[in-house]
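Each chain, written out:
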Amino acid sequence: MATDTLKSTTGARGASGGLRRLLLDNGALTALIVLVVALSALSGNFLTTDNLLNIGVQAAVTAILAFGVTFVIVSAGIDLSVGSVAALSATVLAWSATEQGVPVALAVVLAVVVGIAAGLVNGVLIAYGKLPPFIATLAMLSVGRGLSLVISEGNPIAFPDSVSHLGDTLGNWLPVPVLVMIVMGLLAAFVLGRTYIGRSMYAIGGNEEAARLSGLRVSRQKLAIYAFSGLFAAVAGIVLASRLSSAQPQAANGYELDAIAAVVIGGASLAGGTGKASGTLIGALILAVLRNGLNLLNVSAFWQQVVIGVVIALAVLLDTVRRKAGATTTAASGLGLGGAGGKGRQAATYGLAAVVTVAVIGATSLLHNGGSSSTTPRVGLAISTLNNPFYVSLRAGAQAEAKKLGVDLTVTDAQNDASQQANQLQNFTSSGLDVIIVNAVDSDAVTPAAKAVNKTGTPLIAVDRSVNNADSASFVASDNVTGGKLAAKALAEKLGGSGRIVILQGQAGTSASRERGAGFAEGLKAYPGIKVVAEQPADWDRTKGLDAMTNLMQAHPDIDGVFAENDEMALGALKALGSKAGTSVQVIGFDGTADGLKAVEAGTLYASVAQQPTELGRIAVQNAVKAAADDKVAKSVMVPVKVVTKENVAGFGG
Amino acid sequence: MSNPDELLRIEGIRKTFPGVVALDGVDFDLRRGEVHVLLGENGAGKSTLIKMLSGAYTPDAGRILVGGEETRIHGAQDSERLGIATIYQEFNLVPDLTVAENIFLGRQPRRFGMIDRKKMEADAEVLLARVGVNVSPRARVRELGIARLQMVEIAKALSLNARVLIMDEPTAVLTSEEVDKLFSIVRKLREDGVGIVFITHHLEEIAALGDRVTVIRDGKSVGQVPAATPEDELVRLMVGRSIEQQYPRERADRGAALLSVEGLTRDGVFHDVSFEVHAGEVVGIAGLVGAGRTEVVRAVFGADPYDKGAVKVGGSALPKYDVNAAMTAGIGLIPEDRKGQGLVLDASVEENLGLVTLRSATRAGLVDLKGQREAAARIAGQLGVRMAGLGQHVRTLSGGNQQKVVIGKWLLADTKVLILDEPTRGIDVGAKVEIYQLINELTAAGAAVLMISSDLPEVLGMSDRVLVMAQGRIAGELSADEATQDAVMSLAVSTNTAQTEKEALRGH
Numbered sequence: 001m002a003t004d005t006l007k008s009t010t011g012a013r014g015a016s017g018g019l020r021r022l023l024l025d026n027g028a029l030t031a032l033i034v035l036v037v038a039l040s041a042l043s044g045n046f047l048t049t050d051n052l053l054n055i056g057v058q059a060a061v062t063a064i065l066a067f068g069v070t071f072v073i074v075s076a077g078i079d080l081s082v083g084s085v086a087a088l089s090a091t092v093l094a095w096s097a098t099e100q101g102v103p104v105a106l107a108v109v110l111a112v113v114v115g116i117a118a119g120l121v122n123g124v125l126i127a128y129g130k131l132p133p134f135i136a137t138l139a140m141l142s143v144g145r146g147l148s149l150v151i152s153e154g155n156p157i158a159f160p161d162s163v164s165h166l167g168d169t170l171g172n173w174l175p176v177p178v179l180v181m182i183v184m185g186l187l188a189a190f191v192l193g194r195t196y197i198g199r200s201m202y203a204i205g206g207n208e209e210a211a212r213l214s215g216l217r218v219s220r221q222k223l224a225i226y227a228f229s230g231l232f233a234a235v236a237g238i239v240l241a242s243r244l245s246s247a248q249p250q251a252a253n254g255y256e257l258d259a260i261a262a263v264v265i266g267g268a269s270l271a272g273g274t275g276k277a278s279g280t281l282i283g284a285l286i287l288a289v290l291r292n293g294l295n296l297l298n299v300s301a302f303w304q305q306v307v308i309g310v311v312i313a314l315a316v317l318l319d320t321v322r323r324k325a326g327a328t329t330t331a332a333s334g335l336g337l338g339g340a341g342g343k344g345r346q347a348a349t350y351g352l353a354a355v356v357t358v359a360v361i362g363a364t365s366l367l368h369n370g371g372s373s374s375t376t377p378r379v380g381l382a383i384s385t386l387n388n389p390f391y392v393s394l395r396a397g398a399q400a401e402a403k404k405l406g407v408d409l410t411v412t413d414a415q416n417d418a419s420q421q422a423n424q425l426q427n428f429t430s431s432g433l434d435v436i437i438v439n440a441v442d443s444d445a446v447t448p449a450a451k452a453v454n455k456t457g458t459p460l461i462a463v464d465r466s467v468n469n470a471d472s473a474s475f476v477a478s479d480n481v482t483g484g485k486l487a488a489k490a491l492a493e494k495l496g497g498s499g500r501i502v503i504l505q506g507q508a509g510t511s512a513s514r515e516r517g518a519g520f521a522e523g524l525k526a527y528p529g530i531k532v533v534a535e536q537p538a539d540w541d542r543t544k545g546l547d548a549m550t551n552l553m554q555a556h557p558d559i560d561g562v563f564a565e566n567d568e569m570a571l572g573a574l575k576a577l578g579s580k581a582g583t584s585v586q587v588i589g590f591d592g593t594a595d596g597l598k599a600v601e602a603g604t605l606y607a608s609v610a611q612q613p614t615e616l617g618r619i620a621v622q623n624a625v626k627a628a629a630d631d632k633v634a635k636s637v638m639v640p641v642k643v644v645t646k647e648n649v650a651g652f653g654g
Numbered sequence: 001m002s003n004p005d006e007l008l009r010i011e012g013i014r015k016t017f018p019g020v021v022a023l024d025g026v027d028f029d030l031r032r033g034e035v036h037v038l039l040g041e042n043g044a045g046k047s048t049l050i051k052m053l054s055g056a057y058t059p060d061a062g063r064i065l066v067g068g069e070e071t072r073i074h075g076a077q078d079s080e081r082l083g084i085a086t087i088y089q090e091f092n093l094v095p096d097l098t099v100a101e102n103i104f105l106g107r108q109p110r111r112f113g114m115i116d117r118k119k120m121e122a123d124a125e126v127l128l129a130r131v132g133v134n135v136s137p138r139a140r141v142r143e144l145g146i147a148r149l150q151m152v153e154i155a156k157a158l159s160l161n162a163r164v165l166i167m168d169e170p171t172a173v174l175t176s177e178e179v180d181k182l183f184s185i186v187r188k189l190r191e192d193g194v195g196i197v198f199i200t201h202h203l204e205e206i207a208a209l210g211d212r213v214t215v216i217r218d219g220k221s222v223g224q225v226p227a228a229t230p231e232d233e234l235v236r237l238m239v240g241r242s243i244e245q246q247y248p249r250e251r252a253d254r255g256a257a258l259l260s261v262e263g264l265t266r267d268g269v270f271h272d273v274s275f276e277v278h279a280g281e282v283v284g285i286a287g288l289v290g291a292g293r294t295e296v297v298r299a300v301f302g303a304d305p306y307d308k309g310a311v312k313v314g315g316s317a318l319p320k321y322d323v324n325a326a327m328t329a330g331i332g333l334i335p336e337d338r339k340g341q342g343l344v345l346d347a348s349v350e351e352n353l354g355l356v357t358l359r360s361a362t363r364a365g366l367v368d369l370k371g372q373r374e375a376a377a378r379i380a381g382q383l384g385v386r387m388a389g390l391g392q393h394v395r396t397l398s399g400g401n402q403q404k405v406v407i408g409k410w411l412l413a414d415t416k417v418l419i420l421d422e423p424t425r426g427i428d429v430g431a432k433v434e435i436y437q438l439i440n441e442l443t444a445a446g447a448a449v450l451m452i453s454s455d456l457p458e459v460l461g462m463s464d465r466v467l468v469m470a471q472g473r474i475a476g477e478l479s480a481d482e483a484t485q486d487a488v489m490s491l492a493v494s495t496n497t498a499q500t501e502k503e504a505l506r507g508h
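The listed protein sequences derive, respectively, from chains A and B.
Each residue of the first sequence is one higher than the one before, counting from 1 in full-length UniProt numbering.
Each residue of the second sequence is one higher than the one before, counting from 1 in full-length UniProt numbering.
Everything labelled a hint here was simulated from the structure, so no lab data went into it.
Heads up, a few of these hints could be off.
The calculated lysine-lysine pairs, modelled on DSSO-like cross-linking and capped at a C-alpha distance of 30 Å, are [stated by the list, open to error]:
{"#": "1", "chain 1": "A", "residue 1": "642", "chain 2": "A", "residue 2": "575"}
{"#": "2", "chain 1": "B", "residue 1": "320", "chain 2": "A", "residue 2": "130"}
{"#": "3", "chain 1": "B", "residue 1": "320", "chain 2": "B", "residue 2": "339"}
{"#": "4", "chain 1": "A", "residue 1": "489", "chain 2": "A", "residue 2": "598"}
{"#": "5", "chain 1": "A", "residue 1": "598", "chain 2": "A", "residue 2": "642"}
{"#": "6", "chain 1": "A", "residue 1": "130", "chain 2": "B", "residue 2": "308"}
{"#": "7", "chain 1": "A", "residue 1": "130", "chain 2": "B", "residue 2": "339"}
{"#": "8", "chain 1": "B", "residue 1": "416", "chain 2": "B", "residue 2": "312"}
Computed from a predicted model, the values in this text were never measured in an experiment.
Please put together the full structure from these sequences, using the hints given.
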């Protein structure tokens, strides 16, 4: 607020200098404008009303979370739990309304109350338990995520329709999330600027002891501050889930870091005492503009993360440099002094702005895969995650096929985040692609975005995971359920129909985990002699697989077999089993990745249920090209899965 | 051309900050083996000047000559290379490292790439002996008192072979014994040929220690005089006018007891402290640093808990450890640590002034910002806070003006019992008198004032009664007539030793 008052005194000096002053005073705004100008120049699809509204929608969830985090950061705290609390609130809403039959209005209230309660718990731990905010909210991050998995039993829950309208568009152009973002932003600005608690946040963040000795009830205020953060997180969670029409227990994973980045880019200091809602909004917009622009420019998914990191650092650097000289420039010119110093600083600011531009343009043009000619069909491929060799192979198959057919292929990576994927699909439609291939993060959560694609008439191809409740021209997948059954059969027969086994599950709540698990259970029914003694999640991850297996061996030293729902976890289990692997304990994996097949060849992994990811990618692109040309496409293509053992491994090159 | 004894010369230095010309045409020089006192009101530009020498700021115009050669000092490394060491009021020590580690921080002697602790501690021992302080090189800095911290800082400066030693108000936080000790160290350094720039607000120290005095006023050097110059003349140079009376206490009529403290005890800190403060009265609390004065007033204000006793305002007892109850009853505290506890440094003057009244200015959760601004403008005008505007950050105000803001926020809250803990520490003569006038106005209006001060002439000059504390107890009470420096000191020290002997007996 201090900056506000300063600005109002200098602002009176005339409107012409006003804009320049505003830009100099706010490095983040300058960075945002530079970004927008650069992206408009680089992509013709960027500066359209539709796309700008898309950016608004894509910024909404981060911005709402970040408004709540602004309160906390201004008061010199930190809140790492907002992402989990958002997911928990949304899950509570969906669970109570859809599964428990609670009236929707009451369910919404319940969700908000859950958010506030989580915030209050944080507040109590911090204000009265004297825990460092970092630790208290880190604990809540884990508890919140865990509770939402417990409540949902790991499954996405359909969101009540009446609440899902929050993800809709009003009058065919105004998206409701943008409206909610604006309302919450105004509320945050009002709280920070005008209310007792808001003013207390600045005082507590600036000097907690001075605030206490001036009669502010610091502990009580902290409770309220974290409760506010929880409230905003709950709203963000509801908006997020309504966009996906489904509450995902794994939603908003890692969003706390985006929110914190938005707040800091917006000019707040982690040391407390400064920060504004407007700055936070700008910070959230910078992140959204970047993601959107990089999608439109077809920058490689891996480089996108690099560019985003660099821009975050530059935006804050710009602001720091400005601030260092900072207050100086404002006041000096206000009194007509220090002109020379002012100019130097301006030069520094413009210099940095130029660096940001060059960095972005350089990165994008470097990575831009040639021009897009209008004769070849343009295809977008939205992949769920490239953090997994399976999908990297899928992408490779798609790219090879695209090259062969002369198709311009854009690939995005949603990092297993359904909301991010919705953004990417939106960006695909904005840039007017001819066909869109989607490898859904979640079959239900992708529905609203898929429906939006249907509305534009662009054909949609689903690969690996289906798209529920929306039209897809073709579904290309390998059969996970069958694969699970095959795994059960192979393992049971290897063990001679009797034995004790454990199951390492994939990330709770993902469809692949559900389907493979279900298929495996189904397949085991034929072998009553096989007993499953434990099932533990290891999140598709090799390290977690190793840890989980180590623990399971402590509890069950006498097991005969392991079914891991993917190869990565199986490889982790092999490490844990050591010399037992392939001798006294038989392990079966799933996917047939290169590493997995090597282990099969070496005899440590008994078998892997091999999918053919490159084949999936190849067929998806083939079908996409057919669909673009309005040719007839098979509605469903099942790419066969095969149990690969040492006997037939030679045939699978990967 | 240059005098071989001249270590440092500054000519026509100019430095501007937003809204302020901090220095404009300052000349200064320092010779080998002299103590050159830099005198000036707070905000006159002394700190800016020494920051030029330590490399924190670079001048906009003018020349700095070190050993006769013009130099530019761009950072701490430059000034270190030139043999200039600065001891700031806020020490630059790492609390959790040992004394030896702090002295050689960043320059630890090494053997085979490992820190050679033995050599480092031996070297530190030599330096500490040279400073004449009895502290182990292996002691953690956190465990040391302020006086010893200062000695460690000096030892650190010596380890850098400093030829120029700048000391920014080194005596502000020391007791008179510690000051004597410091002086003897400074004299020894002077004999060794070190040139010392000494900043102080205590005029009597100038004659005792200094050789020459440069007076700075409003960013200009207004004169260089010998240290023997009479104090009146120094004050006149410093404030540009003569100050009639240093302690202009005007007695008001003594009314009913507003604050009564009965048998207040916190185990191991203070014991059985009882006193009353009446309306219209200034009660001073004197005593050595560490006698428990600050602890008592913080407990009275509810900032810290206590074990036994009672605090009553207007006859009704206050709940313990409850700042808000104390405030509601009309008690206000100007804390000892102005920057750490009194102010939100990066907030504006307006926000700081409105801090105490924030709650009462709130209706239905909304703060009456307009009312707050008007009140802040009124009180800032009344107190004569010198600032660029209400939006100026408090950090950039001078010490005296910062203190006015702290006092102002309590005046806005209609405080009836104002507790001042070291209200004029680090504040120049002119601003001090303004604060004394304010105390007069408060008591004339029927408020009660309780004032802690380590500045004995101030306690004696301003108090109607003086309580002397020693070892956590009230050692005695003196009326204004009885209170002399000797009487106060004998109380402060006698109880002190008696107590120590008793403890010693118990301990062995």
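(message) Holds or violated: residue 642 of chain A and residue 575 of chain A, Cα atoms, limit 30 Å.
(response) 24 Å, holds
(message) Check whether the Cα positions of residue 416 of chain B and residue 312 of chain B lie no farther apart than 30 Å.
(response) 13 Å, holds
(request) Take the C-alpha atoms of residue 320 of chain B and residue 130 of chain A, compute the straight-line distance between them, and say whether it is at most 30 Å. (result) 21 Å, holds
(request) Take a quick look at whether residue 130 of chain A and residue 308 of chain B sit within 30 Å of each other, Cα to Cα. (result) Holds: residue 130 of chain A and residue 308 of chain B sit about 26 Å apart, inside 30 Å.
(request) Compare the distance between the alpha carbons of residue 320 of chain B and residue 339 of chain B with 30 Å, and conclude whether the hinted pair is satisfied. (result) 25 Å, holds
(request) Could you grab the alpha-carbon distance between residue 598 of chain A and residue 642 of chain A and see if it respects the 30 Å cut-off? (result) 16 Å, holds
(message) Next pair to validate is residue 489 of chain A with residue 598 of chain A; report whether the Cα-Cα distance is within 30 Å.
(response) Measuring from Cα to Cα gives roughly 22 Å; hence the hint holds.
(request) Assess, step by step, whether the Cα of residue 130 of chain A is no farther than 30 Å from the Cα of residue 339 of chain B, and give holds or violated. (result) Given that 30 Å is the threshold and the Cα spacing comes to 24 Å, the pair holds.
Violated hints: none; the structure is consistent with every hint.
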